[in-house]
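Dock chain B against the given chain A, drawing on the hints supplied.
Here are the chains, one letter per residue:
Protein chains: 2
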Amino acid sequence: MLAKTFVPRHVLVSRCFSSVNSKTLKVGDVLREARVFTSEDVKGYAEVSHDWNPLHFDQESARKAGFENPLVHGMLVSSMFPHIISSHFPGAVYVSQTLHFRSPVYVGDDILGIVQATALRETKNKYIVKFSTKCIKKHSELLVLDGDATAILPNLEMLQPSHSE
Amino acid sequence: MLAKTFVPRHVLVSRCFSSVNSKTLKVGDVLREARVFTSEDVKGYAEVSHDWNPLHFDQESARKAGFENPLVHGMLVSSMFPHIISSHFPGAVYVSQTLHFRSPVYVGDDILGIVQATALRETKNKYIVKFSTKCIKKHSELLVLDGDATAILPNLEMLQPSHSE
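From first to last, the protein sequence lines stand for chains A and B. Residues in the first sequence are numbered from 77 upward in steps of one, following this note's numbering. Residues in the second sequence are numbered from 77 upward in steps of one, following this note's numbering.
You may find that some hints are simply not true.
Identical chains share a label here; the pair holds if one copy fits it or two copies do between them.
Unchecked claim - Pairs of lysine-lysine residues, derived as DSS-like cross-links and limited to a Cα-Cα distance of at most 27 Å, are as follows:
#, residue 1, residue 2
1, K102, K140
2, K119, K210
3, K119, K200
4, K119, K102
5, K202, K140
6, K206, K102
7, K200, K140
8, K214, K99
9, K206, K140
10, K140, K99
11, K214, K202
12, K140, K119
13, K214, K200
14, K119, K99
15, K202, K99
Derived from the structure by calculation, the hints contain no laboratory data. In this text, all values refer to a predicted model and were calculated from it rather than measured experimentally.
Looking at chain A on its own, in the form it has when it is part of the complex:
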C-alpha cells in the first residue's frame, strides 16, 4: 500500500531547519502522553470490544497466568498511539502498527506513551510518516509495549493538545 522509500534523515533535517521555531513535525520529534487506566476504562473497553477475557477481571485467572493482578487489555494500552498521533494531527489516517507486549499493565499504573517520528515522505500533498511507538511505566521506566506505526498526515503542522505532556 505504501512505497518503501522515505526521505533520508539528513534531507529532512536540512529542509526543516528553515522553520526550526515552528511547530512543523520533523524526524526525531517526540510526542508524549500520560495516562492512568482505571477499572472503569477496562470495563468500558471490554464492553466495546466484547473482550471479556477473565485475565482482565479475575484475580485467580491473572495469577494462574503469572501476573500479580488482572491486566489492562494490551489493545487498550495500544490505543494511546493513534490517539497521540491524531490529537497532534487531526485527520491522520493509520496505515500500520506493530505491537510487542513486553510487561503487564495494571489498573492504576502511570503509563507514558512516547511516539517519535523516524521517517517522513511527502506524496500528493500528504505526508507518510513512520513513528517508533512505546509505552513505559512512568516512574520505573519499565518498557511495557513497543512497536512501529505508519500514518498518513494531512499536513505537518502539530497541534498542541491540552492533555499532552
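Same frame as chain A, now just chain B:
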C-alpha cells in the same frame, strides 16, 4: 520474550491426529467471528481510548482524507483478534500483533474476523501459538485488515463461544 522456534507443522499434525475429533487446537485451524460496528461502538471506543480524531465522526474530514464516510477506528476493528482468541481460550495472554490497515471500515459494514493457527510450541505446560489474523468485508471479501498475532494459551482445548460462526 519468546523463543523463535516453533513445532514444525508435520510434527504438530502427527501429534494431533490421535485426537482429530476433539476440539484441540492444531496448526491450520481457523476461528471466525462476524461483527457489524455501529455508531455507538465508534463513540464508545472514542470515549475509552480518548481518540476523537474527526476522521471517525465528521463527514467532511473523512472526504478530505479520501473516504466515503467517517471510519470505524482501525484499532477497534483490530480488537476482534484478541477477542476471537480469548473467547476460544480464556486466559490467553497476548504477546504481539502486527496490523496493516488495507481498506476503510464504515459503520454498518459486515466484517468477518478470521484467525488461523500457523505455528505452535509447548513450553512449561503452556502453549505459544502464532496466528495469521485478517478481517474481510463479508459480502465482497475485500481485505480490510491483516497481520499476525502471537499468544500464550493456558491449554489447547477450544471453547465454542456462542457468538462464533
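Checklist entry - Of the hints given before, which are not true for this structure? => result Violated hints: 3, 4, 11, 13, 14; rest satisfied.
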